[in-house]
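> Top to bottom, those sequences are chains A and E. Counted from 1, the first sequence has number 291 at position 292 by numbering that gives the first Met the number 0; the numbering is strictly sequential. Counted from 1, the second sequence has number 21 at position 22 by numbering that gives the first Met the number 0; the numbering is strictly sequential.
Hints may be right or wrong, so weigh each one.
Pairs of lysine-lysine, DSS-like flavour, derived with a Cα cap of 27 Å [as the list claims (entries may be wrong)]:
#, chain 1, residue 1, chain 2, residue 2
1, E, Lys151, A, Lys159
2, E, Lys266, E, Lys93
3, A, Lys341, E, Lys281
4, E, Lys281, A, Lys332
5, E, Lys281, A, Lys328
6, A, Lys158, E, Lys151
These are computed hints drawn from the structure, not numbers from a lab.
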Amino acid sequence: MTVVNAIRFNEFAGAMVCDEQVSWGDMSRKGDVGDKIQPIVPADIQESCGLVAAYGGSGTSSVSEEIKKTAFKLLQREYESKRKFTRSSDKFLTIQDIADSLFERICGMKRHHVDEFLYHRFGFRGLDLIRGYYDGEDGKVDINQKEIIDEAQAAMTWKKRYPDLGFLYVNRGILSGYEPQEGFRIFYFNLMTFSYEPVQAVFQSIGSGQDTSDLAFADFVGTKTVLERREKLDPVESMASIIHATNMASLNNVGVGGYYNIVLFDGKKPNRERMIEIADERAKLCSEVVAAYKAEIIDKKLAFDTIGDVLFGQKKFSEAEADLLKGCKCEKKLSRFVRGYKPTHD
Amino acid sequence: MSIVNLIRVNSHAGILIADEEFWRRGYRRTLYLDNLQSLLPQSFCKNSSLMAVIGIEGDPAITYEIVSKAQKRLADVIKEPDQYGREDALETLKDVVDITVEEMERIIRQRVDNQLKFAYGFSTDDLNRGYFEIGDERIDIKQDQIRSEALKWSRFDPSSRTASMLDISAIIAGVDGENGFHWYEWESESGNTYLGTGNFESIGNGSDAASLSFINFFRNQDLMERRKGLELIEAVYILLQSFEASFRFNHEVGGYPQFIFLNDEKKKYSERYKEFGGHEAKLAFEIVTAAIHHYLTRENAYHLLDELIFKGTDFTVVEEQFFTKSVDKRAMEHFLRGYKNSITLPNKGGRS
Numbered sequence: 000m001t002v003v004n005a006i007r008f009n010e011f012a013g014a015m016v017c018d019e020q021v022s023w024g025d026m027s028r029k030g031d032v033g034d035k036i037q038p039i040v041p042a043d044i045q046e047s048c049g050l051v052a053a054y055g056g057s058g059t060s061s062v063s064e065e066i067k068k069t070a071f072k073l074l075q076r077e078y079e080s081k082r083k084f085t086r087s088s089d090k091f092l093t094i095q096d097i098a099d100s101l102f103e104r105i106c107g108m109k110r111h112h113v114d115e116f117l118y119h120r121f122g123f124r125g126l127d128l129i130r131g132y133y134d135g136e137d138g139k140v141d142i143n144q145k146e147i148i149d150e151a152q153a154a155m156t157w158k159k160r161y162p163d164l165g166f167l168y169v170n171r172g173i174l175s176g177y178e179p180q181e182g183f184r185i186f187y188f189n190l191m192t193f194s195y196e197p198v199q200a201v202f203q204s205i206g207s208g209q210d211t212s213d214l215a216f217a218d219f220v221g222t223k224t225v226l227e228r229r230e231k232l233d234p235v236e237s238m239a240s241i242i243h244a245t246n247m248a249s250l251n252n253v254g255v256g257g258y259y260n261i262v263l264f265d266g267k268k269p270n271r272e273r274m275i276e277i278a279d280e281r282a283k284l285c286s287e288v289v290a291a292y293k294a295e296i297i298d299k300k301l302a303f304d305t306i307g308d309v310l311f312g313q314k315k316f317s318e319a320e321a322d323l324l325k326g327c328k329c330e331k332k333l334s335r336f337v338r339g340y341k342p343t344h345d
Numbered sequence: 000m001s002i003v004n005l006i007r008v009n010s011h012a013g014i015l016i017a018d019e020e021f022w023r024r025g026y027r028r029t030l031y032l033d034n035l036q037s038l039l040p041q042s043f044c045k046n047s048s049l050m051a052v053i054g055i056e057g058d059p060a061i062t063y064e065i066v067s068k069a070q071k072r073l074a075d076v077i078k079e080p081d082q083y084g085r086e087d088a089l090e091t092l093k094d095v096v097d098i099t100v101e102e103m104e105r106i107i108r109q110r111v112d113n114q115l116k117f118a119y120g121f122s123t124d125d126l127n128r129g130y131f132e133i134g135d136e137r138i139d140i141k142q143d144q145i146r147s148e149a150l151k152w153s154r155f156d157p158s159s160r161t162a163s164m165l166d167i168s169a170i171i172a173g174v175d176g177e178n179g180f181h182w183y184e185w186e187s188e189s190g191n192t193y194l195g196t197g198n199f200e201s202i203g204n205g206s207d208a209a210s211l212s213f214i215n216f217f218r219n220q221d222l223m224e225r226r227k228g229l230e231l232i233e234a235v236y237i238l239l240q241s242f243e244a245s246f247r248f249n250h251e252v253g254g255y256p257q258f259i260f261l262n263d264e265k266k267k268y269s270e271r272y273k274e275f276g277g278h279e280a281k282l283a284f285e286i287v288t289a290a291i292h293h294y295l296t297r298e299n300a301y302h303l304l305d306e307l308i309f310k311g312t313d314f315t316v317v318e319e320q321f322f323t324k325s326v327d328k329r330a331m332e333h334f335l336r337g338y339k340n341s342i343t344l345p346n347k348g349g350r351s
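Same shape as in the complex, but just chain A:
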């Protein structure tokens, strides 16, 4: 239960935002302890190639974690192999290349988990099911029982949402990143539909919070013309939009909460600075500022100035908060609002 959101400002820049709430025990317990969006490009590759990318997953935390680690290792291996055979280090993989390779790895990972399950239940693996037999201790064993074939096939294909492997299939992900050849790209992965695709819209949302995030995003993007959507989204306004989308999920959807991890991509910056993560009190302050602005407790200028200063101006939390309180016309009202009081109490 999660929300992971991504937005593209232009060909150089974009952002991702997620929450940190994790659920346990048949959805009865919660904790703000997740790490949902992670960088997948090793620092030395970023430094030399200017490639930055992050993957954010929803669904089962361990499956999502496995995908992120797989992506990281994939890039490490590709880079090592490239360095062995070529001298140039400036051209490496595009985000599309990474998405292609990552999906292949995800397919392998899925087959491995299904094999584990089939072997545990039936004593054979997926390839055995396809060829119709396996080698038992006493020789060849044909797999010819209809019920067993049906169940094993359901495990492989998630037919009728086969519940025993729900943890594996209910995973989705967003890969976002920048590299100099193709610019900033967003890709969407869906293990429920066995697919991945480049994101045509300027935003993507996944997780239990997707439905309300989508509404907030659509509300924002719908006010922009095609040309604006392609190249001219204002970064501060866009950040207000993606934070609002995440706030909506946190407010209205189950399993979304805690601090946000705000990941900013900017291909125009030096290689080392092309991706930054803001996951501390500054992220929390931004979520409060956007909520207060939407509730008409602070005005747009104050909200946008604060977001711009914190996310793009490296302003410290204490200074930003002090300026916010100074600029706010009713500090007490703001304090009560962000503490969770209902609006009737001004």
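We have chain A; now place chain E onto it with these hints.
The following block gives chain E in isolation, referenced to the frame of chain A:
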């Protein structure tokens, strides 16, 4: 699913608390529950030693109907006991419980029958006897597949469309002339009514963490202390402490708390029965939360709760005192807004 907690103050008094969060269709967070209500009309309670409240949780579409119809039925029984086969009006909490449970069972069965009739045209009674009648024609329910599906609906099988009937539970608490403060718990899985025992009760999704919080407190009291009970303010504190635990660790617990205080030792009705909610209840919750996390001494928390809940001091005055008495006002405010240790540790400076 939400939370309803109860604490026994002593043999004459007790307090109940409920939250207001519900997940509509299982995924949409909403804050509209009204799960804690008096079952008896005020006019009756003012002239009787009997008071009864229900704290209920489950699908609000069902619990709302249960509470409103039980209230109406009880009011009717009070008005005309002989019409309902009673010699006297209600006297004990058990009288109220029996009627309320009867009403719950009737509503639940009615809802199951609606499903059966809509799908197949027969009711639970028809299913039990194996046939139903349309005009003069008798139709046997013989088809195994239909019988087995209908049986699943009839007994709220978790895989059936009537599964939500399984997830209802209630605490019916009160005072009466015979037994002082006591309570019963009812849950739909078994349909049984249990007499409450010990010093607390907790139902709903949040009962997981709330129970641990209660246990953590009461394990440090010996038997005689537990029997004797608590000071009223201490009981409020412990009750809100349990509420905070479920708020922090459990899903589907949120919004403002709502209280009902019962005390049969008091003379005036307004002191025997007291509802407490709204912004003041939220502030009470903040006060206890702050004390739990060491922004406020327990003594100061008791004092502020007393001012707010029992002395009727104005919200803004208590809120101001609350911040004044904090060991670190700024860190506390950040904590109450949901910030983490980097800026919320009291008197540590942090980055705030």
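> If you check each hint against the structure, which ones fail?
none
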